[in-house]
Amino acid sequence: TQLLEQSPQFLSIQEGENLTVYCNSSSVFSSLQWYRQEPGEGPVLLVTVVTGGEVKKLKRLTFQFGDARKDSSLHITAAQTGDTGLYLCAGALNTGRRALTFGSGTRLQVQP
Amino acid sequence: DAGITQSPRHKVTETGTPVTLRCHQTENHRYMYWYRQDPGHGLRLIHYSYGVKDTDKGEVSDGYSVSRSKTEDFLLTLESATSSQTSVYFCAISESHPGLAGLSLYNEQFFGPGTRLTVL
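Protein sequence lines correspond, in order, to chains A and B.
The letter at position 49 of the first sequence is residue 49 when you use our numbering, and the numbering goes up by one with no holes.
The letter at position 92 of the second sequence is residue 1092 when you use our numbering, and the numbering goes up by one with no holes.
Among the hints, erroneous ones may be present.
[Claimed, not checked] Label pairs and their in silico Cβ distance ranges: (1) A:Gln-9 <-> B:Thr-1082: 20 to 30 Å; (2) B:Gly-1016 <-> A:Leu-58: 22 to 32 Å; (3) A:Lys-56 <-> B:Ser-1065: 36 to 46 Å; (4) B:His-1041 <-> A:Glu-38: 11 to 21 Å; (5) A:Asp-67 <-> B:Ser-1083: 22 to 32 Å; (6) A:Ala-68 <-> B:Leu-1120: 19 to 29 Å; (7) A:Leu-58 <-> B:Arg-1009: 22 to 32 Å; (8) B:Ser-1067 <-> A:Ser-7: 47 to 57 Å; (9) B:Pro-1113 <-> A:Gln-9: 30 to 40 Å; (10) B:Glu-1014 <-> A:Thr-20: 39 to 49 Å; (11) B:Asp-1054 <-> A:Lys-56: 42 to 52 Å; (12) A:His-75 <-> B:Glu-1014: 38 to 48 Å.
Treat the hints as calculated values from the structure; they're not laboratory data.
Quick reminder that beta carbons are idealized off the backbone N, C-alpha and C, glycines included.
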């Protein structure tokens, strides 16, 4: 059982559409990060959210951390083909252990 | 981009042979990690290091060992490779950002390019 559940697992949309990806857990995280990974490469950090209820915007990407710090969402407005990739959420548990727990990922395909 | 390299980038080996993967960083970051990535599982932590000669097990450590004799190098060894260890292996580095009472608020990780290992 994954500590962090991501949904949907796969998403195929047309360019210009909006989408939301969810990351849920029953555990409380001290912080949560979103990464994007392209084929043949390592994940690249997009954002870190730390405070419950926090909203961060990165151009057309909006990230939200749940009030209880158990869930997060990533919303993309007017998707572009360059947004295609694997999106991973990762959470840090407040255990003093310097390790992240990753979700299984959402694979996004944006069609032209 | 963080200076992280992994070697080799691709390797094909046979069941029962030892394999060592190398991660090298030029950022002088304290923390280093080894993950494996398999379809449907995301990234799973194998081992990590919080300093020279200081390591700890992750969630899928069986069959793997690590060593860190220098800040810049973190080695992952498969003592006797099995087909179930066919995977893509990623190294990551980070520096944690302490929060209140010294607890780590977050540790943004920077990943290497990965090593594709096939065990026949």
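Going back to the hint list, which numbers does this structure go against? Of the numbered hints, 2, 5, 6, 8, 9 and 11 do not hold.
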